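Trainee: Starting from the structure of chain E, add chain F where the hints point.
Protein sequences appear in the order of chains E and F. Residue 608 in the numbering used here sits at position 170 of the first sequence; the count goes up by one each step and never skips. Residue 152 in the numbering used here sits at position 151 of the second sequence; the count goes up by one each step and never skips.
Keep in mind that the hints were calculated from the coordinates and are not lab data. Remember, it's a predicted structure, so these values are computed and weren't measured experimentally. Possibly wrong hints are sitting among the right ones.
[What the hints assert, rightly or not] Here are the simulated SDA-like cross-link-like pairs (lysine to any residue), alpha carbons at most 20 angstroms apart as the crow flies:
id	chain 1	residue 1	chain 2	residue 2
1	F	K221	E	G568
2	F	K203	E	A803
3	F	K221	E	V555
4	E	K751	F	A149
5	E	K869	E	L897
6	F	K167	E	A803
7	F	K201	E	K441
8	F	K57	F	I159
9	F	K57	F	W45
10	E	K553	F	I159
11	E	K751	E	A803
12	E	K441	E	Q467
13	E	K553	F	G29
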Amino acid sequence: MLKITSLRLGFGGPDPVIAETDCHLEESQRLLICGEAGSGKTTFLAAAAGLIPRLLPIPDHAGDVTLMGRPIATFDKTELFSTIAFVSQNIDDQLWDLCVEDVIAFPLENRGVEKQVIRERLRTLIAAFGIEALCGRRVLTLSGGERRMVAIAAALAASPLILVMDEPTTGLDPAARARLAALLQTVASSVSALLVAEQDPLALLSVIDRIALLSDRHLSQPVPPANIVPLDNPWRNAGLLPPLRQRSERPPAILGRPLLEVRGLTTRLARPDGQPVLKGVDVEIRASEVLALIGRNGAGKTTLFKAILGLEKIASGALVLDREAANSWTVAARARKIAYIPQNMRHILFNMTVTGEVIFAITAASATSTDPNILARAAAALDRYGLSGFAEANPFVLSARQQALLGLACADAAGALITIVDEPLLARDLKGRRMLDLFIATLQESGRSVMLISHDLELVDDVATRMMILDDGAIAFDGTLNEGWESATFRQLGWPPPYRQMAGEIG
Amino acid sequence: MNRLHEINFFFKLAFAFSVMLVAWLVPGWRFGLPFAVLTVAFLWLAGVPGLRGYIKGALLLSGMVVVSWLVNLWLQGATTAEALPIAAGMAARLVTTTAAFFFVMETSTPGSILAASSAARLPPVVTLVLSLTFGIIPMLRDDFERIADAQRARGMEIDDVSLPTKLRFALARGIPLLVQAIRMAHAISFSLSIYGFDLKQKRTTWRIVGPMVEPRMNMKDKADDN
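The shape of chain F in the complex, shown without the other chains:
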C-alpha cells in the first residue's frame, strides 16, 4: 500500500473519468495507442498491484476487440488497411478506459470508499453501491486465488500443465467461486443488518477525509480529531 491508496476515492474517480474522456475524444489510433501505452505505463510507475494480471486480461480483451471489429468492417466491405486502424483505435480506447478504472479499483479499499462517501454526506444506498461496485472485484479475485491455492494444496497440478488445461482448471473454479460470492453477499448483508446500516440514516466516518483519506487510526495524537 502506498500514498496512492490514500487519495480520496472521488478524486481518483474524477481522474479516471477524465482519462476515459480523453481516450474517446482523441482521433484515431495514432493518438489512441500511445495514450493507452502511457496509461498502462502510469500503472506500472505507480506500482499498482495486480498489474501483471491486468495486462494479461487487457491483451486478451484487445485481441477480441480487434478481431470482432475486423470481422464487422470486412462484412461491411472495408479492406484490411481501412479496418485495422479503426479496430486498433477501439482496442486502445478500451485499454485506456479499463486501465483508468483498474487504477481506481486497485487503490481504493471498500473502507476508504465508505469514508469518502460518508464524508460527502451521500445517501447510504449510494455509499454502499459505490463501495461494493469497486470493492467486490478485488474481493472475488482474492477468493479466486484462494480457491486456486486450495486446489494446489489438495494435490491438483494447475501450474505445471499446458495452457488449455490451465484454462479448463480455471473455469472449474467457477462453481466454488459462485458459492464464495453467495457467502460473501450473505456476510455483507448480515453485517449491514446487525451493525445497524439504515438506508434512512446518513452515515458518518471515523476517518479524517480531505483530498487524502486517513488510512489508519493514530492512537496517540488526538490533535487531528476535530
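Pulled out of the complex, with its shape left as it was, chain E reads as follows:
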C-alpha cells in the first residue's frame, strides 16, 4: 500500500535526519516504529503521511514515496488526506478552539457528508472511545490524554485507509492506553494499514504485527514483536529502555523536614455535577523525597498542582511551605519555593534566549544579569543538562526534548525546594532517563524534593520513594510503592502494576 524507497530527509544541517531508508507497508499490516526522542520518528511519519513536503517543505528531501502504486505527489490534497489520516504527537498542533463533537465531525463536515450520517458516526465514535462525558466541552479545556482521544476519534471519522499516529499513547493513563489498543483492534477492519511510532512498544503490542527500530538515521527491517521485544541489546543500541527490563530495587530514601504540607484542600472549581474537583486533599512532601502522584485522566492531578501553585482558587484548606503558612502568598511567591515543569514546556517559555530562561528562573524578575554569580549558575545548569551549545538560541526553536531539558536546568538553577514534574516524556529513552535521574539525584542531594505526576508506572516505580493515588477528587492512597501496587485502590483503577504487565504480555 505504502512504499518508501531511499528516503532522505534533512533540515539543512550537515547530516540528514533520515538517510537512505526503505519501508514497505503492506495491506493489513500494523507496523510500529520505535526510536529514541530525536531519532527522526516524527519526520519519517510526516513523509510517510505525505505531510512532507506538501504541507511541511524541508530543504533536504529525496527518495520515492508511492501510495497504492502511485507517487504520493500525484494525489491532490483532498484525495491524500481522505486516504491517510494523521495524528500528531504534539496534539495541540492540530486542534483549535472547537468543541469535542466539532473536532470529531470536522473531517465529515468539510466533505459535505449528510447530517444524519455525521450524527450516527459521532455517536459510534464517542461511545467507542468512552468520551460521552466530554460532549459539548471545548477541546482546549480538556486534559492532554482526553485531547488525544478526541484527535484519534477525529482521525478515524472519515474511515481512512491508512492511519498514521505519532506516539498516540502520550499522556494517556494505562486504562486509556488499553482502551485505545482495544479500539484500534476493533477499527482494524476499517483501516487497511496502521503505521505508529512509539518509544515503548508494550502499550500497543496487541495491535501491531511488526516492529522496526529507527536509529542512526536508518529504519531496521520490520520483524514480528516476539522476535525483538524480549531482547535487550537492540533496544539499548537504539537508545531505548528495553521493554522487558528487570525491575530494580532501590534503597529507601533518607527523608528530611517537611517542605510542603497541604491540609483539607477543597477547590472552588467544580465538576459538572457540582462536586468540587478536589475535596479535603492532604499532601505532605519531605526533603529528599520523590513523591509520585498517579490517577486516571481527569482525576484532578492538574488541578491539585495548580491549587498548590495558587493558579486555582481554593474554597478551604491550609498550605504550609517550608514551615510557613502560605495561603496568602501570591503565585509568584509560591513559585520561588516550587518550580513547575509541564509536559509541554512551550507553555511556560517566554524569554528570547535559553540563557535568558535560566537567568529568569534564578532571578524571577529579569532575563538578563551582570552578576557573575548568576551568570555562572546559569552556565553551570545549562552545561549539566547538555544545553551549553544552545545558550544563545531562542527557546522556541529547541526540540521538545531540548525544551524539557531546559525545564530541568531552570528548576535546578532556581533552587526551588520542590519541583513538580508533569508527565516527563523525556524519561522514555536512555538519554532522557539519565538526565532525569541526574536531576532527581541533584535535588535529593541538596535536600530538595520532586513531585512526579505520571502515567508511566515503570518510571514511577523506578524513581519515586512514595506514591499517592488521586481518585474522584480525593487522595485514595498514600504510602510506599510496594504497598501502593498491592492496594485495593490501585486494583480499582484496573491498571496493570509496573513490570508485571511486561512479563505477562510476552513471556
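Mentor: Here is chain F on its own, set in the frame of chain E:
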C-alpha cells in the same frame, strides 16, 4: 455557558448591527450616554463572561476618544462647553458598538459559528473568516492569560506591583503572545488541511441549527436527527 450561547450566531450578529445602528443614529450625548449604559447593563444582566476586562478596556478607550475629540475641536476653535458633549457622544457610540460586538464574540464559539454558517450554506471561505474573526480574539485572550499564569508560576511578581510595572509586564507578554498566535495559525491551517477543508466544497454540520444552535450531541435521543 448559558442559553445566550445557543442563540444562532446570525441572530446575534443582526442584533449587534441593530444596536450599533441605533447608537450612531440617536442624536447627541443625551440619548447616546444612557443607551451606552443600557447596553453595558445588558451585558451584566446577561452574565456575559469577561465583562470586568471589557469595562476596563472600554473606560480606557472612552478616555482616549474624549481626549482626542476635545483636542481636535479645541484646535478648530470650539470651546470646552461645545466640545465636551460631542466628545462624550462619540465615546458613547463607540462603547455601545463595542459592547454589542463584545456580546456576539463572547457568546459565540467558533464551532457554533461554523455550524450556523454551514447550515446557511455559505461559501466555505466566508464560514472560515467569520468563525476566525469572532473566535480568534477570545482564543488570544485565553493565551494572554495563560502566559501571565506561566510568568506567575515561574516566580514573576505581576500582581503585587504598581500599575506602571503591571503594564510593562503586560507589554512584555507581547512576544510570547505573538509566538503563540503564529502557532495557533499553524494549528488551524494544519487541521484544515488534514481534515479535508476545501474552498470548493460546501460544508455541512452535525448540529441542529435554527434560531438556536444545538450545543452538544444528544447521545441517546435520535429523534431529532432528521
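Trainee: Would you mind marking each hint as holding or not holding in the structure?
Mentor: So, going through the hints one by one against the coordinates:
no.	hint	in the structure
1	F:K221 with E:G568	holds (14 angstroms)
2	F:K203 with E:A803	violated (51 angstroms)
3	F:K221 with E:V555	holds (16 angstroms)
4	E:K751 with F:A149	holds (16 angstroms)
5	E:K869 with E:L897	holds (14 angstroms)
6	F:K167 with E:A803	holds (13 angstroms)
7	F:K201 with E:K441	violated (31 angstroms)
8	F:K57 with F:I159	holds (18 angstroms)
9	F:K57 with F:W45	holds (14 angstroms)
10	E:K553 with F:I159	violated (48 angstroms)
11	E:K751 with E:A803	violated (24 angstroms)
12	E:K441 with E:Q467	holds (12 angstroms)
13	E:K553 with F:G29	violated (50 angstroms)
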